[in-house]
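All chains should be modelled from the sequences, with the hints used to inform the complete structure.
Residue-level listing of the chains:
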Amino acid sequence: MDLRSLYNQVITEKSRSNEHRHPVDDCTCSLEGVNPSCGDDITLQLRVKDGVIEDVGFMGAGCAISQASTALMIDILKGKTVAEAKELIDVFFGMIKGEIGEDDERLELLEDAAALKGIAHTPARVKCAVLAWHTMEEALDK
Amino acid sequence: MLDVRKDFPILQVPEAGKRLIYLDTAATAQRPNRVIEAICEYYKSDNANPHRGVYELGARATERTDSARHTVAQFVGADDEEIVFTQNTTESVNLVAYTWGMANINAGDDICVYVAEHHSNMVPWQRVAKRTGARVVYMYPDENGVLTEEEMRRKISRRTKIVCCAMVSNVLGIKIDEKALIERAHSVGAKVLLDCAQSIPHFRHDFHAIGCDFAVFSGHKLYGPMGIGVLYGRKALLDAMEPFLSGGDMIGIVTEDGATWAETPRKFEAGTRNVEGEVGLEAAIKYLDSLGWENIEAHERELVNYCLAGMKKLPHIEIYGNAPERYGVISFNVEDVHPHDVASILDADGVCVRAGHHCAEPLMRRLGIGRCSRASFGIYNTKEDVDVFLNSLGKIREFMGYGS
Ligand SMILES: Cc1ncc(COP(=O)(O)O)c(C=O)c1O
Ligand SMILES: [Zn+2]
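From first to last, the protein sequence lines stand for chains A and B.
Under my numbering, the first residue of the first sequence is numbered 1, with each subsequent residue one higher.
Under my numbering, the first residue of the second sequence is numbered 1, with each subsequent residue one higher.
Hints are computed from structural coordinates only; laboratory data are not their basis.
Where hints are given, some of them may not hold.
Subject to a maximum C-alpha distance of 30 Å in a straight line, what follows is the list of computed DSSO-like cross-link-like pairs (lysine-lysine) [unchecked claim]:
hint, chain 1, residue 1, chain 2, residue 2
1, B, K312, B, K175
2, A, K127, B, K395
3, B, K18, A, K127
4, B, K6, B, K18
5, B, K235, B, K6
6, B, K286, B, K312
7, B, K18, B, K395
8, B, K175, A, K97
Label-pair restraints from in silico Cβ distances [to be verified]:
hint, chain 1, residue 1, chain 2, residue 2, range
9, B, A103, A, E13, 35 to 45 Å
10, B, P324, A, T28, 51 to 61 Å
11, A, T28, B, M102, 41 to 51 Å
12, B, E398, A, V34, 25 to 35 Å
13, B, Q12, A, E13, 38 to 48 Å
14, A, D25, B, E318, 29 to 39 Å
None of these values were measured; they are calculated from a predicted model.
Where is the CB? At the ideal position from N, CA and C, for every residue including glycine.
Encoded structure:
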């Protein structure tokens with residue numbers, strides 16, 4: 001495996017970004033996600049109004065993959081409708097499972113989050129990459 | 001230094017492949033050919049259900065299990081009847097907790113446990129405490145990761161019924177002062193269980209000389225098979241204990257009204273046993289004996305010291321525990337980098353280390369870290385392995401985008 005395909009620049013930089021690391025005012029849902037294998041532990045807070053995700057923030061700690069994945073997810077889901085967000089989450093899971101190939105145009109919908117596609121070849125770290133997305137999926141169903 | 005890498009098939013470099021730098025022996029050791037072959041040989045020539053068949057083959061299988069028990073007993077300075085075969089360290093601890101513990105621990109008693117214990121020597125005692133109304137009292141290491149005599153005196157009291165402690169911690173690699181511990185425990189009438197899972201592969205033990213009441217370890221950390229473990233107990237204690245599991249093979253006579261038990265140790269060995277595991281464990285012990293324990297100790301000491309010296313030269317590396325002797329393991333963190341990322345990056349260079357809480361969460365909390373990485377060493381590791389590890393380790397922060 002080429003390690004850089006996993007730890008590329010987007011991921012190493014995003015893993016240190018604090019942009020979305022904050023509580024959300026008037027949040028409508030707060031949900032913790034834990035990945036026991038790695039100890040990744042994040043709490044997502046979101047404010048959904050009239051079917052639109054107005055704001056998302058997170059707190060917590062974990063490996064670079066989990067932290068970068070959370071930040072990248074918030075980048076693209078903030079401002080989307082719940083329906084759009086669910087679609088994007090499905091595309092993300094498709095990419096991680098390797099069902100959506102390298103040159104599938106749906107990857108473009110994921111914007112920078114497509115930088116996580118290398119995870120498909122690293123089964124030991126899949127849980128880190130999907131933690132935030134699973135937590136978000138659950139939060140949206142609440 | 002030892003040169004035994006060639007004895008381990010899994011470590012042979014595949015053509016065009018990368019050298020496997022296996023630094024996770026504390027989790028499970030690799031097996032030498034001798035062990036793998038002994039298991040095959042057992043199935044090819046001696047397999048039957050021991051203690052049951054009247055025929056000659058059955059006698060051979062019985063002979064193999066008796067011989068394995070004798071080899072283990074000789075190896076750890078015990079009598080044959082004091083060696084109970086279990087699945088692993090975890091089962092050995094549970095056996096003591098649920099038989100001796102439930103019968104001898106009462107409300108108001110203390111169970112004294114070292115906070116550095118592996119969960120397998122902690123959780124069963126927490127359960128016994130809950131069920132009996134006893135209290136678990138934890139002993140803590142000092143700032144160097146050392147369990148001091150003072151701490152032993154503070155925590156082991158007249159209320160203490162049993163003291164449960166790892167001879168060598170799987171995180172810190174530091175050996176306890178078992179003489180002081182046992183002296184203190186016995187002076188207040190408490191029993192001592194030593195978890196030797198991480199010490200048994202590194203130096204010779206003599207349980208009679210040490211004077212512990214119980215000792216436990218796993219075959220798979222001693223270059224033997226998985227699924228075979230050992231419980232040592234002083235004969236008088238084992239004789240007084242109730243069986244753990246019951247059913248076939250562990251009985252004397254069974255009537256409609258009840259049953260009597262087989263003699264120690266077989267009353268603790270219910271059902272058809274893991275004879276291939278016993279045979280493999282015997283082969284592992286004979287293999288290690290043939291290498292010579294002074295040689296094993298010298299080899300590992302040199303490797304660990306060489307690695308520690310190299311790690312201390314690298315910036316931004318924190319090493320846990322500080323004692324003159326360290327057995328087999330070095331736990332560490334790379335500043336700002338999560339241990340799972342450390343392990344993934346090392347893996348890309350063929351280096352296998354463990355990352356996580358190492359089944360010692362209370363110790364991790366005590367150290368003020370959630371997790372760490374751990375490099376651990378065995379007889380097959382070489383300085384070349386350490387060099388690859390150090391080189392890879394030194395590049396991690398830069399790789400992750402930090403200045404140095
Ligand atoms: C000190 C210690 N005790 C107990 C165990 C548990 O051993 P097993 O999983 O073989 O039961 C381990 C294994 O990691 C250990 O290091
Ligand atoms: Zn992770």
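Do D25(A) and E318(B) keep their Cβ atoms within the hinted range of 29 to 39 Å? holds, 37 Å
Are K6(B) and K18(B) close enough, with their CA atoms no more than 30 Å apart? holds, 16 Å
Straight-line Cα separation of K235(B) and K6(B) no greater than 30 Å? violated, 40 Å
Measuring from beta carbon to beta carbon, are T28(A) and M102(B) in 41 to 51 Å? Check passed, 50 Å falls within 41 to 51 Å.
Range hint 51 to 61 Å: satisfied by the CB atoms of P324(B) and T28(A)? Check passed, 58 Å falls within 51 to 61 Å.
Distance restraint hint 25 to 35 Å, applied to the beta-carbon atoms of E398(B) and V34(A): Roughly 30 Å apart at Cβ, these two residues keep to the hinted range, so it holds.
Taking 35 to 45 Å as the hint, is the beta-carbon distance of A103(B) and E13(A) inside that range? violated, 60 Å
Does the Cβ distance between Q12(B) and E13(A) fall inside 38 to 48 Å? Given range 38 to 48 Å: holds, Cβ gap about 40 Å.
Do the alpha carbons of K127(A) and K395(B) lie within 30 Å of each other, as the hint requires? holds, 25 Å
Below or equal to 30 Å on CA atoms is what counts here, so check K175(B) against K97(A). violated, 45 Å
Against the 30 Å threshold, does the CA-CA distance of K312(B) and K175(B) hold or violate the hint? Given that 30 Å is the threshold and the Cα spacing comes to 21 Å, the pair holds.
Restraint status (C-alpha distance of K18(B) to K395(B) at most 30 Å): Distance of about 19 Å is within 30 Å: holds.
Violated hints for the displayed structure, listed by number in ascending order: 5, 6, 8 and 9.
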